[in-house]
Amino acid sequence: MKSIFGLLGCHLKRGVFSLAFIASTALCTLLMFVFAAEYLNPEQYQTLPGLHYFLSKIDQKGARYFVMMITSFPAAALFYDDWKSGYFKFAIQRAGRAKYTFSVTISAGISAAAVMILSYIIFSITVLASFPAVTDVDAATLRERTLGFPNSGLLCTGNAVLCYLLYFLTRGAMAAFFAIVAVFQSMIITNKHLTIISPVLIYILYFSFNFFYILPELANPFVLFWNGYKLYLEFGGTQDGSLFSPIASVYPMIFTVVFMIIFPLVEAKILRVKMNKSL
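Counting from 35, one number per residue, gives the positions in the sequence shown under our numbering.
What the hints contain is simulated information worked out from the structure, not anything from laboratory work.
Keep in mind that a hint or two might mislead.
[As the list claims (entries may be wrong)] Listed below are the simulated DSS-like cross-link pairs for lysine-lysine, each with C-alpha atoms no more than 30 angstroms apart in a straight line:
| no. | residue 1 | residue 2 |
| --- | --- | --- |
| 1 | K303 | K118 |
| 2 | K47 | K264 |
| 3 | K303 | K123 |
| 4 | K264 | K91 |
| 5 | K264 | K118 |
| 6 | K311 | K123 |
| 7 | K303 | K47 |
| 8 | K226 | K311 |
| 9 | K118 | K308 |
| 10 | K118 | K47 |
| 11 | K308 | K123 |
| 12 | K264 | K311 |
| 13 | K47 | K123 |
| 14 | K91 | K303 |
| 15 | K91 | K311 |
| 16 | K226 | K123 |
| 17 | K226 | K308 |
Keep in mind that this is a model prediction, so the values were computed, not measured.
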């Protein structure tokens, strides 16, 4: 047990406590402001829009393409670096293949999620200096304005902090998911440039081949990470209901954690084959 925590700590330090982490967070935050810039003028509105308005606009402007790739920078290439340096051999001798793949995969997911969540927090704190957390309108109007926003029912019941926290965690889960997919890809094809762009490449292929029509709703990244209202309906919610489902709100995180367990098990087998071929 100590060996896996030691490896995990080592990889997390390389991912989180690095210049790449700081640069990725700064760039990700900057992109959020760039995509939301045209909407950040308080004089345009008689009733100031709430924070949810700007968070939604970031997605509508296509930021997800760039953000997913940027958040994976700090740790998605950890295996590539270990493979090229030969460090992975020492790590495997010390802890075994499975513990090594777990540490690399979990570290990549945590690092990417941390970049995403921290960027959203910085963006939101800045926005809240000029705009309210929730639009100051009557409950019926607020409900109508926030219908497509994940867990919007919480905004209508005075639980804005919990609503935004769940939103950030869901975005963090999305970043973690695509980062661990990048690690998985790097063990199959160990190419640094391909690994770095793989989150965006996978995203483009996913939509180009309409995989969102093939996958079951509860295993569909589009539903889990970008369509909170659809996920709410999948768990039995209705438009006449509260627009909040505790199960639906945490399901994206559970989904990502499950893949954080499954991927390393497969990766350990891939790594064994890869090592045998390199002999």
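Structure-based check of all given hints:
no. : hint          : in the structure
1   : K303 <-> K118 : 19 angstroms, holds
2   : K47 <-> K264  : 37 angstroms, violated
3   : K303 <-> K123 : 15 angstroms, holds
4   : K264 <-> K91  : 18 angstroms, holds
5   : K264 <-> K118 : 43 angstroms, violated
6   : K311 <-> K123 : 14 angstroms, holds
7   : K303 <-> K47  : 26 angstroms, holds
8   : K226 <-> K311 : 20 angstroms, holds
9   : K118 <-> K308 : 13 angstroms, holds
10  : K118 <-> K47  : 19 angstroms, holds
11  : K308 <-> K123 : 12 angstroms, holds
12  : K264 <-> K311 : 45 angstroms, violated
13  : K47 <-> K123  : 19 angstroms, holds
14  : K91 <-> K303  : 42 angstroms, violated
15  : K91 <-> K311  : 48 angstroms, violated
16  : K226 <-> K123 : 19 angstroms, holds
17  : K226 <-> K308 : 16 angstroms, holds
The structure fails hints 2, 5, 12, 14 and 15 (numbered hints given earlier, in ascending order).
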